[in-house]
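*Asks:* Each protein sequence line maps, in turn, to chains A and B.
Take 45 as the starting number for the first sequence in our numbering and just add one per residue.
Take 2 as the starting number for the second sequence in our numbering and just add one per residue.
Among the clues, some could well be false.
[What the hints assert, rightly or not] Quick list of the computed label-pair ranges, beta carbon to beta carbon:
#1 A:53 - B:182: 30 to 36 Å
#2 A:151 - B:270: 28 to 34 Å
#3 A:278 - B:180: 45 to 51 Å
#4 B:44 - A:117: 35 to 41 Å
#5 A:292 - B:111: 47 to 53 Å
#6 B:13 - A:153: 22 to 28 Å
Hints are computed from structural coordinates only; laboratory data are not their basis.
Glycine included, every Cβ here is placed at the ideal spot set by N, Cα and C.
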Amino acid sequence: MTTPATVIEVRRASKRLPAGVNEVKKAFTDLSLSVNHGHRLGLFSVNSYEAQTLLECLAGVEKPDKGEVLHHGSVSWPVGTNQAFHGMLSGYANARFAAEVYSQPGRIQADLQLIQELTGADDATFHEPIGAWPSQMKKALELAVSLAFQFDVLAVGKMNSWVYKDIDPCGVRIRRLLEQRIEGRTLVMAASGQNKFALDFCDEGIAIVAGELLYRGDPEVCLELVKDENRRLKYHRREESQAEIERLFGQGTLDDDSSDCQF
Amino acid sequence: MSWIMPRRSLGHAISQLLLQFRIVSAVARRELQLRAAKGLFGVAGVFLEPLALICTFLALRILIRGAGEGTYLNLVLWLALGFIPFFMFADVAIKAIGGVQKGGDLYFYRRLRPLDSLMGTSLLTVQIFGTMMLAFVLGVSFWEWEFVVENPGRLVFLYLGIGLIGFGVGLTTLIIGHLLPIVAWVIKSFLRRILLWTSCIFFPIRQIPDEFRPFILWNPIAHGVELLRQSCNPAYPAPGVSAVYFWGWVVGSIGFGLFIYANSEELLFANEPLPGLDDGDADL
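Hey, can you work out the whole structure from these sequences and the hints?
*Replies:* Rendered as structure tokens:
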């Protein structure tokens, strides 16, 4: 079976997220894009939730409020996360369930062995409920289960830094497996918070600014655009704070005591 | 080389079917593990809990009405063949009605559809009550020192048929109840209360007066229960009971359930509207 040229298509999709009581924030608005087979696309945004939400929509674990996301091939869930794990079940039972759903026929045992090795859990721990596991090992299990199976498109969310800093032997192994999994396939990665990691892996990027697709192309340019926007926002916020302080001082609403402070 | 394509598509269909079986049995196993982890007695508790319920009902029925129905079948077997299929049917249907919400986390794995999780949960329920049925059949067989089922194949198929009706009713109610929640509530109450008294669990159909019998015989579970008893002893009288009516219900409920599910699956994944905004078309 041949893999189609376009593996993910987004048609005029919009997504909002709840932000406090009766408040919403835009993740992206009226977005249309297509991801072709073999592309390695980084999602750059000022706020990490924008890239993460877009990634979740691209991976299909979230639905856009408007528009649609079409998959022409198998797409992984965001690597490094797993909402299907149950704390009362053992690592083995959680991994086994994922393997039953995604392993190739006859490969379940091999995949389970790989998952256990990548997790770094011994036999006894692997058969204990994951609710009692240390959080680092739980994260390792989430990563291992995400990388144990082959997908046409690998979606990579925010990962723990030990995975890509080449200091942890288990992390080195996971990074090698990640490289193996994306060989000749498609990668979509949320770059926010892991820019260097994204620049290492992605050959193309999109910059999302204020929920809009600002630029698509060189990931370095995307990163610069996002940084510029970040600086602009910071400057804008500083200006606003300054104006607010001046307004408060001007009205004399601050306590008189505060102006008497001796330095 | 045109013969290659059908063979390839047939191979693909078979592999998809095998994958479907694997996923459904994985959901059933996960559900069993979860119930075992939550209960006090582990896996044994999963079987003991419904067994205790059925034994209580059996004891109550025997205490209140005595051993009146022992002419054609052993009384315990006669009662078990009423209680077990009925509770299995109600459990399958009720779990299907609320199953999508309960198994929401599983849909993180996109290969898994709501139908798979509903089938997995139903499979586990059928297995649990099936094990109980087997225990009762074997227990009574040992007690009487002869195998008490004349037609075991028919018994198995009828039992599965009752499970399929439960699944079909649950699936249909799930979709309709998603649009009109009151329907789900009414059907749930109906399954537990009205059907309990009209499914020939406490009385054989032959004891119902002729003028009232048609009011009971609309219920396919009553047909299924009486046919189950007949499969243990072909001489068991079941006036008005029809296998054609029963299997018609099996095919109809499953067919209708799958039809509306196939046309409304996306409804079950619809996003909840965010607070503070009137509708999804609000300006983003």
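*Asks:* Hint by hint, where does the structure go against what was stated? Just the numbers, ascending.
*Replies:* Violated hints: none; all satisfied.
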